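Protein chains in written order, with the UniProt record's numbering: chain B, 1 to 399; chain P, 1 to 399.
Don't read these hints as lab results, they were simulated from the structure. A couple of the hints might just be wrong.
Stated by the list, open to error - With a Cα cut of at most 30 Å, we get these calculated DSS-like pairs of lysine-lysine:
| no. | chain 1 | residue 1 | chain 2 | residue 2 |
| --- | --- | --- | --- | --- |
| 1 | P | 50 | B | 50 |
| 2 | B | 9 | P | 9 |
| 3 | B | 74 | P | 50 |
| 4 | B | 260 | P | 260 |
| 5 | B | 50 | P | 74 |
| 6 | B | 260 | P | 9 |
Values in this document were obtained by computation on a predicted structure and should not be read as measured data.
Protein chains: 2
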Amino acid sequence: MPQRPAFAKWLDDTNDVTATFLAAGRIPGLVNLGGGLPGTEIWPVEDMTKLATSAVADHADETLAYAPVAGLPKLRDLIAARYSEGDLTLTRDNVLITAGGAQALNLIGTVLLEEGSTVASQTPAYLGALDNWRPRQPVYRPMRLEANDLDPVAAMTGAQFAYTVPNFSNPTGKLVNAATRRRLVDAAHHTGTWLIEDDPYGTLYYDDAPMPRMLTLSAEEAGAPYDGPVIYLGTVSKELAPGLRIGWIIAAPEMIEVLKAAKQSADMCTSGLCQQITHDAFATGLADDMLPNILDLYRARRDALCAAMDEHLPDLFTWERPTGGMFVWATAKDPALDTNRLMEVGLEHGVCISPSSVFDPEGRDHSSIRINFTYNTEDKLVTGIERLATATRAALAEA
Amino acid sequence: MPQRPAFAKWLDDTNDVTATFLAAGRIPGLVNLGGGLPGTEIWPVEDMTKLATSAVADHADETLAYAPVAGLPKLRDLIAARYSEGDLTLTRDNVLITAGGAQALNLIGTVLLEEGSTVASQTPAYLGALDNWRPRQPVYRPMRLEANDLDPVAAMTGAQFAYTVPNFSNPTGKLVNAATRRRLVDAAHHTGTWLIEDDPYGTLYYDDAPMPRMLTLSAEEAGAPYDGPVIYLGTVSKELAPGLRIGWIIAAPEMIEVLKAAKQSADMCTSGLCQQITHDAFATGLADDMLPNILDLYRARRDALCAAMDEHLPDLFTWERPTGGMFVWATAKDPALDTNRLMEVGLEHGVCISPSSVFDPEGRDHSSIRINFTYNTEDKLVTGIERLATATRAALAEA
Chain B
1 MPQRPAFAKW LDDTNDVTAT FLAAGRIPGL VNLGGGLPGT EIWPVEDMTK LATSAVADHA
61 DETLAYAPVA GLPKLRDLIA ARYSEGDLTL TRDNVLITAG GAQALNLIGT VLLEEGSTVA
121 SQTPAYLGAL DNWRPRQPVY RPMRLEANDL DPVAAMTGAQ FAYTVPNFSN PTGKLVNAAT
181 RRRLVDAAHH TGTWLIEDDP YGTLYYDDAP MPRMLTLSAE EAGAPYDGPV IYLGTVSKEL
241 APGLRIGWII AAPEMIEVLK AAKQSADMCT SGLCQQITHD AFATGLADDM LPNILDLYRA
301 RRDALCAAMD EHLPDLFTWE RPTGGMFVWA TAKDPALDTN RLMEVGLEHG VCISPSSVFD
361 PEGRDHSSIR INFTYNTEDK LVTGIERLAT ATRAALAEA
Chain P
1 MPQRPAFAKW LDDTNDVTAT FLAAGRIPGL VNLGGGLPGT EIWPVEDMTK LATSAVADHA
61 DETLAYAPVA GLPKLRDLIA ARYSEGDLTL TRDNVLITAG GAQALNLIGT VLLEEGSTVA
121 SQTPAYLGAL DNWRPRQPVY RPMRLEANDL DPVAAMTGAQ FAYTVPNFSN PTGKLVNAAT
181 RRRLVDAAHH TGTWLIEDDP YGTLYYDDAP MPRMLTLSAE EAGAPYDGPV IYLGTVSKEL
241 APGLRIGWII AAPEMIEVLK AAKQSADMCT SGLCQQITHD AFATGLADDM LPNILDLYRA
301 RRDALCAAMD EHLPDLFTWE RPTGGMFVWA TAKDPALDTN RLMEVGLEHG VCISPSSVFD
361 PEGRDHSSIR INFTYNTEDK LVTGIERLAT ATRAALAEA
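Using the sequences plus the hints, can you model the full thing?
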């Protein structure tokens with residue numbers, strides 16, 4: 001057989017960790033703390049069934065035909081109203097419906113990145129974002145948002161956009177404080193650079209009242225409809241159901257127009273059926289009714305995980321107890337511990353974690369691990385941490 | 001306000017025709033022959049409602065959680081079985097579920113194109129494919145599949161892939177004959193180049209039995225599971241409902257693995273709900289039961305359109321009566337007629353058609369128009385053609 005054409009170069013940057021992670025799904029009895037999945041107990045199946053039924057029966061043309069590229073107008077209106085507050089006035093022209101948050105990151109890369117463009121990024125950063133932008137091989141300027149010497153103007157000057165997850169960042173679970181949010185927004189206004197506020201975990205506050213969104217902070221200087229530099233990304237994956245694959249981008253109308261061109265190429269439109277169900281889940285109050293149960297479930301799991309970590313890991317790792325989101329970020333006390341190796345040893349001991357290297361654009365950080373607490377029951381979380389302690393000692397013994 | 005970062009260069013290749021086309025949707029009383037929409041009468045709403053209901057009620061974990069990146073295993077198995085025939089043995093490893101056919105084209109571009117890569121393409125070619133690959137600015141080698149001097153080996157040598165729509169091509173509605181299919185497959189095997197068989201209209205044969213798929217022709221030389229060079233693209237948009245946004249790529253396992261990486265970045269996975277409904281629509285026989293009604297409806301519309309064209313357009317255009325698909329391609333007899341201008345004049349007369357320029361990678365072909373016959377009732381088709389005749393005479397008078 002003659003040789004086949006080469007695949008695009010970006011595919012050479014294969015990630016062995018991802019392959020190991022995917023293979024882990026097949027190990028029987030494994031406690032998987034490495035993913036980022038919601039608990040499956042949160043879905044009110046009966047209510048969701050009713051919404052699916054009425055979506056097709058009562059709105060066949062909207063659910064079965066092609067939807068408008070930017071999304072169903074009534075869902076765009078609903079999202080615009082849901083986020084409008086104070087000085088922030090949004091209309092449907094500020095809203096594009098996407099196939100989940102992942103597609104939003106993909107479309108932004110498509111309209112803003114050339115080969116070798118500069119991106120300022122909160123670090124460590126969401127793996128899915130880095131994967132999405134890899135085909136354009138961007139140059140990353142890291143921003144450590146909790147560092148004393150953070151200079152967002154320097155980081156953003158000349159960058160195509162800045163990427164942040166202010167609420168319970170993936171992977172670190174950290175919350176960006178109000179003063180830093182304000183500085184990021186001011187820097188975006190000052191430099192003109194787009195500022196991405198990726199917010200999949202914005203509803204998952206377990207202890208405190210939510211912090212102001214950067215989108216809202218930016219509105220003080222922006223017109224109506226909103227015309228500021230913040231690009232806000234939301235999704236139903238955490239508060240409703242990831243299987244719907246519904247997300248939204250809120251941005252200046254100029255940006256929404258450009259993203260529409262990329263969206264049309266990417267998949268023409270998002271499923272009208274899934275959009276109708278999402279609309280009705282918000283309009284009927286179902287999504288808001290679900291939230292207290294989700295928060296109770298995840299808070300109890302967070303507490304169970306942190307109690308088990310306090311018991312089994314204090315001599316091995318340092319970490320902060322997160323006040324929301326889905327993850328704890330733990331850094332090894334002994335710098336000799338290679339967390340890529342710990343992942344492999346963990347699998348031999350029946351527990352899966354995510355190593356820090358996959359959240360580093362350069363792949364160099366082998367110091368830390370990400371632990372998820374939303375998917376497993378409390379019992380399983382305890383078992384997982386016990387196994388992790390054993391695995392860590394084994395990995396250190398060979399280091 | 002400081003200047004914002006520039007958008008990616010590919011967005012400069014704006015297409016005024018597309019903007020005109022989108023704006024046309026708002027003209028009251030317009031007969032739109034320019035789109036490519038299915039007739040809305042084809043949907044059995046009651047049956048689809050039942051499938052949506054049971055999808056959530058009986059399969060909540062599959063419909064509401066994240067689906068596997070490559071798709072629900074049972075849907076991949078079903079598609080593999082549906083296309084296996086003769087020497088062609090497919091397994092789920094040959095199948096990736098996508099968000100419609102558009103996403104399939106997008107993912108193929110992501111894994112095979114670098115800046116300036118070479119693509120051999122049937123010409124004129126589907127607008128959505130050209131749009132999708134525009135960010136990589138590929139160099140196109142046109143292939144006129146009906147031409148006597150077609151040399152597919154020369155066209156494919158050194159190309160990353162060849163792009164074809166053998167069944168009732170968009171825009172021309174033409175069917176590629178059996179001998180040419182065989183030559184294309186042989187050229188792909190000989191050169192090693194990937195050969196895309198984009199087949200959204202493969203079920204829409206109104207007069208004759210379907211021709212063999214290039215995927216099947218290629219299997220004589222390929223192993224099991226299929227490992228040949230043909231990449232086959234299917235979709236439910238024409239035979240079930242575009243609002244589900246479900247399509248599939250059938251290819252060698254090696255290609256499916258690489259496409260999975262691109263799919264994961266693009267949107268993580270396709271909606272489990274839409275996949276479950278699609279699975280059940282095939283498994284229960286609903287999709288196959290719908291087909292005779294769809295064919296009867298579209299055949300009658302094709303006949304009504306062609307009769308009106310025979311009555312009103314023979315002195316103005318030449319065309320072939322299509323034996324399937326959704327479009328008639330008509331070429332102006334007078335080379336002075338600019339079909340970009342005809343589109344504008346048509347809108348003034350209450351009819352919208354698609355000009356040939358948008359189907360030409362170079363945008364140079366102003367000779368022809370694409371007319372859709374699946375969306376409008378027979379009465380409206382006749383009205384549309386009457387208006388088109390008037391508009392063409394008006395455009396010629398000013399040319």
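Inset, instruction - Sort out which numbered hints this structure fails and list those numbers smallest first. - result: none
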